[in-house]
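A.B. asks: Here are the chains, one letter per residue:
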Amino acid sequence: MGTSTIRQAPRSDNWRSVVKDLETEVRKAAPIVDRTMKEALPTLPDGHVKTPVYYGVSEGVRFAVNVKKHGLEKALKIEGVRLVEGFTAPKISDAVWAKVAARVGPISHSPVGRIAENAFKRTLNEIVVKGAEAGLE
Amino acid sequence: MNNTEQISFTEAEKNIVEFFDKQRTEGFLRLYFTNYLFEIVMQFLRSGEEEKDFDSAYAYHFVEGKLVSPEDEKKFKVELRRECRHKAGLIVSRIQERELIEKFGLDLDSITKQMTETVNEALKAILEEVFATHWGEK
Numbered sequence: 049m050g051t052s053t054i055r056q057a058p059r060s061d062n063w064r065s066v067v068k069d070l071e072t073e074v075r076k077a078a079p080i081v082d083r084t085m086k087e088a089l090p091t092l093p094d095g096h097v098k099t100p101v102y103y104g105v106s107e108g109v110r111f112a113v114n115v116k117k118h119g120l121e122k123a124l125k126i127e128g129v130r131l132v133e134g135f136t137a138p139k140i141s142d143a144v145w146a147k148v149a150a151r152v153g154p155i156s157h158s159p160v161g162r163i164a165e166n167a168f169k170r171t172l173n174e175i176v177v178k179g180a181e182a183g184l185e
Numbered sequence: 023m024n025n026t027e028q029i030s031f032t033e034a035e036k037n038i039v040e041f042f043d044k045q046r047t048e049g050f051l052r053l054y055f056t057n058y059l060f061e062i063v064m065q066f067l068r069s070g071e072e073e074k075d076f077d078s079a080y081a082y083h084f085v086e087g088k089l090v091s092p093e094d095e096k097k098f099k100v101e102l103r104r105e106c107r108h109k110a111g112l113i114v115s116r117i118q119e120r121e122l123i124e125k126f127g128l129d130l131d132s133i134t135k136q137m138t139e140t141v142n143e144a145l146k147a148i149l150e151e152v153f154a155t156h157w158g159e160k
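As given, the protein sequences belong to chains A and B, one line each in that order. The C-terminal position of the first sequence is numbered 185 in our numbering, with every residue numbered one higher than the one before it. The C-terminal position of the second sequence is numbered 160 in our numbering, with every residue numbered one higher than the one before it.
Bound conformation, chain B alone:
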């Protein structure tokens, strides 16, 4: 089933409950960061430049002057996503080490400014550690 097919209340409810029973908040975070990193990676890889050495959009779609087939592109995207999932796993491990898991899942009205700042600072530090670079312009 894809995302645009109709789904019943019973099936959607069963899927959400089963996911949460099996994967919990950690699983939600892992899947979320997989998708977050994948979004960023795809946006960058599809960026263009006039000078060929930097034109990742062209290099993404063409190898040795030949258009990458839809099957090969699909396979490559699966590999990219798998790698993003691996990195997401590292991010979630570090969130766990900092004992921040329980801060995710609170009612939005109960989240204070200080909690938001704590989590934002932690996310910055964790992503900087995982990718060995800094977040934000130099």
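Okay, chain A solo, but in the shape it has when bound:
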């Protein structure tokens, strides 16, 4: 899991502005995120490639509900996973994502599928490790 994919930078006036924003000593995140997403969104394929996002979030939420209802051990059993005591957080997110990947098929191995996968695993790992404070800075 990581964010280090090497890609060709866009060649647009918008991207030139992003580079200028990065070059300033006091970098402002808001315009950089805005401009980057304006550049990125049109390059993402349209259509069913959004399915890993939908299925991933659904499976993550359903897993959390099962943990609350039945406890972690049974929730993992429902996922078809057996873990021994003293595991690491990524073991859970790997196992839950495997179910999503099997359901959505080859899209999960595409670049956009990988983004959905990394986001999913990071999300579940944070929840398993940080609990109620996950995502709250």
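The hints are simulated quantities; they were obtained by calculation from the structure and are not laboratory data. Glycine included, each C-beta is placed from N, C-alpha and C at the ideal position. Take these hints with a grain of salt, some might be off.
[Claimed, not checked] If you want the footprint, here are the derived chain B segments under chain A, 3+ residues with CB under 8 Å: (1) 51 to 65; (2) 89 to 103; (3) 142 to 153.
[To be verified] Using 30 Å as the maximum straight-line C-alpha spacing, the simulated BS3-like pairs for lysine-lysine come out as follows: (4) LYS116(A) <-> LYS125(B); (5) LYS96(B) <-> LYS76(A); (6) LYS74(B) <-> LYS139(A); (7) LYS86(A) <-> LYS97(B); (8) LYS96(B) <-> LYS147(A); (9) LYS146(B) <-> LYS147(A); (10) LYS76(A) <-> LYS36(B); (11) LYS96(B) <-> LYS122(A); (12) LYS74(B) <-> LYS147(A); (13) LYS117(A) <-> LYS96(B); (14) LYS178(A) <-> LYS125(B).
[What the hints assert, rightly or not] Just a few of them, taken from the derived set where beta-carbon distance is under 10 Å, the chain B residues facing chain A: (15) LYS36; (16) ARG120; (17) LYS125; (18) ILE133.
Given chain A, put chain B in place with the hints provided.
C.D. replies: Frame of chain A, contents of chain B only:
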């Protein structure tokens, strides 16, 4: 504790339940979209180009010819993530406005093709609205 340290069943279960009690499906969605946007932003910012004006990878790591310190890079990443979280909040608000929250969290076997299409179309429209651009190649 980081993600690679061992955790007990009891602690993991407590953390998952407490998160869900406090933040619910909306919190899961907000955290998920924070991470989703952050992934995309980092991939793009680390992209390179021979021409310096477009070389964000260089500009990300060097300011005025000096390597950005690990501390400053860490601070900048925190700021980027905070901004992604803000945008994720806008995305979740729009999902709520469209009354789509309950569509997240269903058993995968019960999700129909039509539901998938409805959610996919909504996600496209919402992200296009939040970032004032279009999703997919022109």
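A.B. asks: Holds or violated: LYS96(B) and LYS122(A), Cα atoms, limit 30 Å.
C.D. replies: Not satisfied, since the Cα-Cα distance of roughly 38 Å exceeds 30 Å.
A.B. asks: Quick one, are LYS86(A) and LYS97(B) close enough, alpha carbons at most 30 Å?
C.D. replies: Status holds; Cα separation ~23 Å.
A.B. asks: What's the verdict on LYS74(B) and LYS139(A), does the C-alpha distance respect the 30 Å limit or exceed it?
C.D. replies: violated (41 Å)
A.B. asks: Hint check: is the beta carbon of LYS125(B) less than 10 Å from a beta carbon of chain A?
C.D. replies: holds (8 Å)
A.B. asks: Does LYS36(B) sit within 30 Å of LYS76(A), going by the straight-line distance between their CA atoms?
C.D. replies: Violated, at about 37 Å.
A.B. asks: Check, residue by residue, whether the segment 51 to 65 of chain B contains three or more positions whose beta-carbon lies closer than 8 Å to a beta-carbon of chain A, and give the verdict.
C.D. replies: With 15 residues closer than 8 Å to chain A, the segment 51 to 65 of chain B meets the three-residue bar; holds.
A.B. asks: With 10 Å as the cut and Cβ atoms as the points, is ILE133(B) at the interface with chain A?
C.D. replies: holds (7 Å)
A.B. asks: For LYS117(A) and LYS96(B), compute the direct alpha-carbon distance and say whether it is at most 30 Å.
C.D. replies: With a Cα-Cα distance of about 38 Å, the restraint between LYS117(A) and LYS96(B) is violated, given a limit of 30 Å.
A.B. asks: Would the pair LYS146(B) and LYS147(A) pass a check requiring their Cα atoms to be no farther apart than 30 Å?
C.D. replies: Given that 30 Å is the threshold and the Cα spacing comes to 24 Å, the pair holds.
A.B. asks: Straight-line Cα separation of LYS96(B) and LYS147(A) no greater than 30 Å?
C.D. replies: violated (33 Å)
A.B. asks: Can you confirm whether chain A covers the segment 142 to 153 of chain B, using C-beta to C-beta distances below 8 Å and requiring at least three such residues?
C.D. replies: holds (count 6)
A.B. asks: Would the hint on LYS36(B) stand, with a C-beta cut-off of 10 Å toward chain A?
C.D. replies: holds (7 Å)
In this structure, the earlier hints numbered 6, 8, 10, 11, 12, 13 and 16 are contradicted, and the remaining ones agree with it.
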